[in-house]
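Student: Got chain H; can you put chain C on it based on the hints?
Spelled out from the first residue to the last, the chains are:
2 protein chains.
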Amino acid sequence: MPDKIKIFSPSTVANVGCGYDVLGFALDGIGEEMTVSKRDDGQLVIEEIIGFDLPKDPAVNTATVAAQALLDAVGSKQGFSFIIKKTINPGSGMGTSSSSSAGGVFAVNELLGRPYTSAQLVEFAMEGEKAVSKKAHADNVAPNLLGGFTLVRSYEPLDVLSLPVPEDLYVTIVHPQVEVKTTDAKKILKKQVDLSMAVKQWGNVGGLVAGLYESNYDLIGRSMVDVIVEPIRKILIPLYDDVKAQALADGALGCSIAGSGPSIFAFSKGEETALKIKSMMQEKYDEVGILAYTYMSKIGEKGVRTI
Amino acid sequence: MPDKIKIFSPSTVANVGCGYDVLGFALDGIGEEMTVSKRDDGQLVIEEIIGFDLPKDPAVNTATVAAQALLDAVGSKQGFSFIIKKTINPGSGMGTSSSSSAGGVFAVNELLGRPYTSAQLVEFAMEGEKAVSKKAHADNVAPNLLGGFTLVRSYEPLDVLSLPVPEDLYVTIVHPQVEVKTTDAKKILKKQVDLSMAVKQWGNVGGLVAGLYESNYDLIGRSMVDVIVEPIRKILIPLYDDVKAQALADGALGCSIAGSGPSIFAFSKGEETALKIKSMMQEKYDEVGILAYTYMSKIGEKGVRTI
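Chains as they are written, first to last, in numbering that gives the first Met the number 0: chain H, 0 to 306; chain C, 0 to 306.
Be a bit skeptical, because a hint or two may be false.
To be clear about the criterion: a stretch of chain C counts as covered by chain H if any three or more of its residues have a C-beta under 8 angstroms from a C-beta of chain H, and this derived list gives those stretches [what the hints assert, rightly or not]:
{"#": "1", "region": "19-31"}
{"#": "2", "region": "155-169"}
{"#": "3", "region": "188-194"}
{"#": "4", "region": "201-211"}
{"#": "5", "region": "214-228"}
What the hints contain is simulated information worked out from the structure, not anything from laboratory work.
We put the beta carbon where it would ideally sit given N, CA and C, even for glycine.
Isolated chain H, as found in the complex (with noise of 0.2 angstroms):
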């Protein structure tokens, strides 16, 4: 058994338009890089966090709190070092802290020698997401462990299953740098809804996943539709109806809110219609004068893996 390993975590997007809380999908090399090591002293000590200011207290970061958790299930007294590479922003919608959660929980699970499978991994990097967003979602650590599209069937009990991924499906993603942070978009949507939109949101659920198995595109497309998230998120982005008209208009399959936003992502067939959503969705934000990342690629098949 290695005392040090290092891993790749990829991001990952949530909800996928019409599947709040319970689809999500994993980009491909596009994400963060952990380097966990065992310690001698029972502790877990975050030595060093590359890329972005986050918070160092294990207490508080999720890649130690959902590894704490992993530990307490297993019974280990053992102590693990971490030195995270961030790439992606914090409060991007693209299962920033999930990385760090699943990533935690991989690795220590590695280092234990395996005592867990990836499937069972979900419970423990959701504690991860608990401390940040107050609730325990799987909705972004489930594609982080899996890889590809994964549905959260049920949370009691957790029942989470992959899903087939087609193989020309391309993503873009544009992050314009304002800041939404999931408990301030979570607060925001109403508690109740009409049952006719629901019955529009599970129909076009039962739609992505058959055009997921079918490897139908435009049946994909189609049933991005959101009609109880979307249009109440929306308004915390600017120019989102703007560059999700012109993805459809340059040919997207569509186009939605990735996670809890401000991300938008849209799917494309194939990497040429994807590459130029991509220089697209830059201008917008160019043009505005909002500093925007943008970021293209595959479905991820695999997910959190060693390096």
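Tutor: For chain C alone, coordinates are given in the frame of chain H:
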């Protein structure tokens, strides 16, 4: 082109637990027969309804209302006579009105030389549904026309998907003879639902669709959870909790309300379990002296057809 046709139109079950207003499936060999023939006077005439006392007024009967919608769309003044042989009581929750709606449009479409595909017939059949339940539902007429499992992803525009049918999936239905009208069953539903409940529901819709693609019987069963409609409607159905609990104890994958009730359906893997549940359901209602009919079949892969 023939002047006369005899068709079989299957019974159907809408909602399928979690999929209120969007999911449905056809039964195999259980349904109604209809003989439709051309007439020279340009009229739609219901000559006979065998089995039950239902309206022969062509402006009221779903078969002729739906057929008229098709004739109007195609601009035809052709007249037709209908002889309808019903086998399932109206108000059962087994799609009796939609069997006639779908049967009527299918037969007339055949006799006109098939101007429309089966998928296109759904919109006309929905007009028959509108005549009895005020709203143009598609969750029964879609499986009626297309067979197997269907998902109404969207109503505006109408987008109906066919989903796979697992080989060993059997359905058992009990129809206790207490009438529940679809309109009444809809009235008691709340117009607003908790977002947290809606999330559970669309997680399960996604799970059920995945289960059908994977032929994963356990997943199908555990996705048949309805936290929104069942808790309200079940109070209209005598013995509901008792029958459901025993069905699950007897090995059913899942059990829920067929359409708007009062019929109850259970899914089983394999015929043996399905037959055992059929006997149990019959006994439960016999014991308390409520007249009940029971049915058992595979999922009907074929929809309405010429016989």
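Student: The structure should be examined with respect to each hint, and the outcome stated for every one.
Tutor: To see whether the hints hold, each was checked on the structure:
For the region 19-31 of chain C, the proposed coverage by chain H is satisfied: 4 residues have a C-beta within less than 8 angstroms of a C-beta in that chain, meeting the threshold of three. Given as covered by chain H, the region 155-169 of chain C passes the check, having 3 residues with a CB less than 8 angstroms from a CB of that chain where 3 are the minimum. With 7 residues having a beta carbon nearer than 8 angstroms to a beta carbon of chain H, the region 188-194 of chain C meets the requirement of three or more and the stated coverage holds. For the region 201-211 of chain C, the assignment as covered by chain H holds, since 9 residues bring a beta-carbon within under 8 angstroms of that chain's beta-carbons and 3 suffice.
Chain H is given as covering the region 214-228 of chain C, and this holds because 5 residues of the stretch bring a CB closer than 8 angstroms to a CB of that chain, at least three being needed.
Against the hints set out earlier in the document, no violation occurs for any number.
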